[in-house]
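Peer 1: Produce the entire structure from the sequences given, and follow the hints as far as they go.
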Amino acid sequence: MQALEYVAPASLDEAVAALAKHGATARVLAGGTDVIIQAREGRRQVGVMVDIKGIKEATSFSFGSDGSLTVGAAAPCARLYGDAEVQKRFPALVDSASLIGGIQIQSRASLGGNLCNSSPAADSIPTLIALGGVCNIIGPSGKRDVPVEDFCTAPGQNVLQAGELLVSITFPAPAANSGAAFERFIPRNEMDIAVVNAAASVALSADGSKFESARIAVGAVAPTPLYVKAAGDALAGKPVSEATIDAAAAAASDAAKPITDMRGSAAQRKHLAGVLTKHVINTAIARAKGA
Amino acid sequence: MVTTSKPEYKVIGTRPVRPDGVDKVTGRAQYGADIKQQGALAGRVLRSPHAHANLKKIDASKALALDGVKAVVTARDIVGPDGDLSKLPDPAANILAGTKVLYRGHAVAAVAAINDHVAQEALKLIEVEYEVLPAVLDVREAMRPDAPILHEALRTRAPTGPSEGPSNVVAQTVSAFGDIEAGFAECDVIVEREFSTKMVHQGYIEPQAATAHWNSDDQLTIWTCTQGSFPARESVSQILGHPISKIKVIPTEIGGGFGGKISVYLEPVAALLSRATGKPVSMRMDRTDVFEGTGPTPGTNIRIKLGATKDGKLRAAYGDMAYENGAYPGSAAMYATMVVTAAYQIEHVKFDGFDVVVNKPRTQDYRAPSAPAAAFAMEQLIDEIADQLKIDPLKFRLMNSAAEGSRGPMGMPFKRIGHEECVEAALNSPHYNTPLEGPNRGRGVASGFWFNVGLRSSVNVSVQPDGTVNLNEGNTDIGGTRASLAMQLAETLGITFEDVKATVVDTDSVGVNDVTAGSRVTFASGMAVHEAGKNLIAALKERLAPTWQTTPDEVQFEAGVFKNADGSKTMTFKEAAVATVGRGVGLTVSGSVNAGFLAGGGFAHHIVDVEVDPDTGKTTILRYTAIQDAGTAVHPAYVEGQMQGGAVQGIGWALNEEYYYDDTGRMANSSFLDYRIPTSLDVPMIETIIVEVPNPLHPFGVRGVGEPGIVPPLAAIANAVARATGVRQTQLPMSPRRILETTRGIA
Amino acid sequence: MTGRTYVSARINGEQRDFLVEPRQSLLETLRDELGMTGAKEGCNNGNCGACNVIVNGSLVNACCVLGVECNGAEIVTIEGVADGETLHPLQTSFLENAALQCGICTPGFIVAAKALLDKEPDADEARIRHWLAGNLCRCTGYDKIVRAVLDAADDMRRAPAKA
Ligand SMILES: Cc1cc2nc3c(=O)[nH]c(=O)nc-3n(C[C@H](O)[C@H](O)[C@H](O)COP(=O)(O)OP(=O)(O)OC[C@H]3O[C@@H](n4cnc5c(N)ncnc54)[C@H](O)[C@@H]3O)c2cc1C
Ligand code: FES
Ligand code: FES
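Residue numbers (the numbering used here), protein chains in the order written: chain A, 1 to 291; chain B, 1 to 747; chain C, 1 to 163.
Fair warning: there could be bad hints in the mix.
Unchecked claim - Below 30 Å or equal to it, Euclidean Cα-Cα: the simulated DSS-like pairs (lysine-lysine) are: (1) C/K119 x A/K88; (2) A/K21 x B/K124; (3) B/K198 x A/K257; (4) A/K53 x C/K119.
Claimed, not checked - Simulated coverage check for chain C against chain A, where a stretch passes if three residues somewhere in it have a Cβ under 8 Å from a Cβ of chain A: (5) 19 to 30; (6) 60 to 74; (7) 124 to 137.
Read the hints as simulated data drawn from the structure, not as lab findings.
All C-beta atoms in this analysis are idealised placements derived from N, C-alpha and C, irrespective of residue type, glycine included.
Peer 2: The structure is reproduced here in structure tokens:
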């Protein structure tokens, strides 16, 4: 690995200052499960690692009085999925956080790192999109918010400007009678990058017969994780039935523009986008109904 | 355990804790990368980014100018300033390319620096000029006359004589018996298919690592995690032109090999760097180096035609088997033609084998080399015929099974073998007798065979004053052979396992030993141990005779006790040892054998239940039983371990593992993230049934157990998938992608 | 080359102070700077678990952590699993179950299994397989490893907290 410097700011202001000072060679270090390896393998040029794990806002998570949840960008997955309230109120986040790598990775890997690494196959991003997450960003010119679905711009790239960092992600309180779920397909049962992944969040009518609204996202089928509005629209206002769900799955499959590589073929991915969308909608419905 | 008949053993058949165990569970054991020599430099290898290119020029001046860099070596350092790089022999050219690079990952230069980071930075500063050539990656394409040629000087060895011009076909070998035309004419059912498999890697968890110190007196010491310290010494000597007498190889603990750590890669390079710097040099590979720069096992294309009569007798088989050798000539296809029908009596057979060079890493053995791909083809056709004839697949195999006296793989009749016993054990197993229910599920079975090789083994045994013995062996211990050899010595001497202390020693300290491979250590070194034990007993008889006022040949040794002719005087081995060594003079004996090339064969049979998800194409292994003839299971737990390990490697090979190449000849998945070996979550418990049909060629009836267990899984799983989905799988891996393609046309 | 940074951490219960380059991973720090070669490098990118250590109570891949991040940390490595000369029940169980062949993966598996059993003494086969999925073994097929962990858990439940 090329030589590095390491700084560990104790506050957001210090972190922003450190990023400003070191310019383009500085990278934020959260759990390091992407960036350390990328630097070692020469896939990212890093001169300075700015470790944000000493900053409270970036490592804690808390519920707002309105039931919203704010997750520090660098909070490790294992802490998130180990939390009883998160398990109860945001099970889809648990789905994602508990699938990223093995236990050893989950001790360190963060949602913020997963999002900022901006891989098209990242296993948290579809969930963050489906849950309507909003990125809380800080930088030299202050704070700004960006919806997660607008965050990634290309493989490995996102809207963060020089000197900016992601502080946390805020999820609105789940609506009444709602549920969400995430699933991915991999050839093994652990330790693979998703061939395709998908997340759905649905809100049902009080009697559970009808979709009020829905958000669906699929990953590994395009240069960035996709928010498939058409799939959600295919459900909103429609009865909960196999036909409607099939239509949403077809919309997700249509939206998929995958490539063929060592992890899967384009045809396989297009097919799986539909299969997984169906699965996650069904799980989300079951969760919405309290099953 | 299914046992035909064997003597009552005291130590053999028990499950003691291995002598090297505590060091391995506490982290104290020293593996290849754990060797730290004072003042050692770190070495790294620069590898070709191209699959095929002429090597025009290497300029290391910028690298040498980097602070902390001590030396750069290339093939020039092997041949010397006036040497001819184009004449570099294959083994040398594979570890440092001469005039041509033949695969991506081919070593072209190496750096020694004050630490590993500096060495890696320096690699980026070496400037190499390549003239890129078209590459050929597919075995059948490489056989075509218009294919890019790897070696201008290569001529095909064929029964009809050498080829006229250069070719990528190294050899055409034929294994033929009977008259196949007449044979097929007798058949009522004939099946014929083409199969192909991809290059796969042994996947040992420890990357290659070696340390070398070239002393100023030209004594070269090498520490390495090799499968064979003596063959490593020999190779280094040949590559560097340095005499064996001046090379000492000290084997470290070894973190897996499966055939992949027989060849040397880093050892000669570290030696060159040490010679250049006067310091010890430690080198290790990273995982990508291991995938791209060591020896995986060949991909294949195999066509087989198989025929039987309607009463279920296999009569004729024809095959055309093409095996990738990688960048340099090998002999996998030749072995394949011999083993492909070994489990069956088929009168008329003809198999053509084609060994072919392609622009991929030079291939190496991987447990039962060549046999798994051959069985993947053959055992599926066997199942198809059994199905067509409506005969139970196990009973069909039994009806046609090879047996003592039937024609063996090289034409000579088999000695006592255990294939029938394995298939019978399968028929009687709890697994086979439990019906498999549920949709999308299928059960498959398959047999497998591998030779045992014998070759040379030597051990030294010295008696300690307290009556215990030290056993010094020269084969590295990958999976508990120190224990299995100590057990055989204890059995020979009638002492306890605890009274034998087994150590793996360096090449200066014991007679010559061939590789830890070919399932040979417990077998052949076991024979050497037995020999040494007998020598020791004879020596003690010599010593006891005068004190008992008799002659050595009057002294008997039975069940660990020496006695004189009338039984009035007796002494246990230990008492005799204390009396003659503890209170006498030291005693060391050796045992050396050459157990021949072929040393009996071993058979395995596997049963597997799978479920295939029709939506995703993913195959789940529901239940797995491995059955194998161990001859005599010296340490049954280690035999089970070999069977289970082989089965799971086979599961990986069947379902997901492959060298996935992009268009430029780059392996796109050269990491454990994307080269998907099975995890603990991908497999169930592997049930085992050890069959014991003693090997008549071994004093304790031992057969090699390391290899046959990887032969059946590919075919067994394919047979199971075919039953679950109704679609035959002729290509590996049977990945979810492939299953969706073949079962649902999603391509 | 950049300078080296001072790091102070408790390793296997002992205070250790050392200097590392920021680019050195915790794995390199242990192996190259502190002479502790029990943690192994199998992949150097988080996929094999051979380098597993426990940092502040969490199981991590030492190859995916920088040494400089460990200032003030509490670290347990394979060298600290036994209590002096007394093997940990997992170590005994691995030996008795023949759960190692070549043994290169063994330190990682034992550290990982310890991290599990410390938290979940009642882990069953499914949980053990799930927990250990980040540790690769190419020799054993996992059967005997999983049994060894189940047996050790059993032993530990019967003789709790001897250490
Ligand atoms: C063995 C292994 C298995 C894996 N398996 C999976 C998997 O199954 N699914 C999956 O999705 N991923 C997987 N990953 C990738 C990785 O673990 C995840 O992407 C993880 O969530 C990254 O989080 P981190 O905290 O470690 O990020 P880091 O590596 O610390 O950071 C990742 C990137 O984001 C930047 N960054 C991090 N935080 C911020 C911030 N707050 N502001 C601005 N930039 C920031 C960093 O500079 C870096 O470029 C795996 C990795 C490994 C090594
Ligand atoms: S070496 Fe760290 S996970 Fe493989
Ligand atoms: S025992 Fe060899 S890798 Fe596990």
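Peer 1: Take a quick look at whether B/K198 and A/K257 sit within 30 Å of each other, Cα to Cα.
Peer 2: holds, 28 Å
Peer 1: Does the alpha-carbon distance linking C/K119 and A/K88 stay inside the 30 Å limit?
Peer 2: holds, 21 Å
Peer 1: Under the criterion that the straight-line Cα-Cα distance not exceed 30 Å, is the pair A/K53, C/K119 satisfied?
Peer 2: At roughly 24 Å apart (the allowed maximum being 30 Å), C/K119 and A/K53 satisfy the hint.
Peer 1: Quick check: the stretch 124 to 137 of chain C, covered by chain A? Criterion 3+ residues, Cβ under 8 Å.
Peer 2: n = 5 at 8 Å, threshold three: holds.
Peer 1: For the stretch 19 to 30 of chain C, does the count of residues with a C-beta closer than 8 Å to a C-beta of chain A reach 3?
Peer 2: holds (count 4)
Peer 1: Mind checking, does the stretch 60 to 74 of chain C have 3 or more residues with a CB under 8 Å from chain A?
Peer 2: holds (count 7)
Peer 1: Hey, A/K21 versus B/K124, does the alpha-carbon distance stay inside 30 Å?
Peer 2: holds, 28 Å
The structure is consistent with each of the numbered hints, conforming to all of them.
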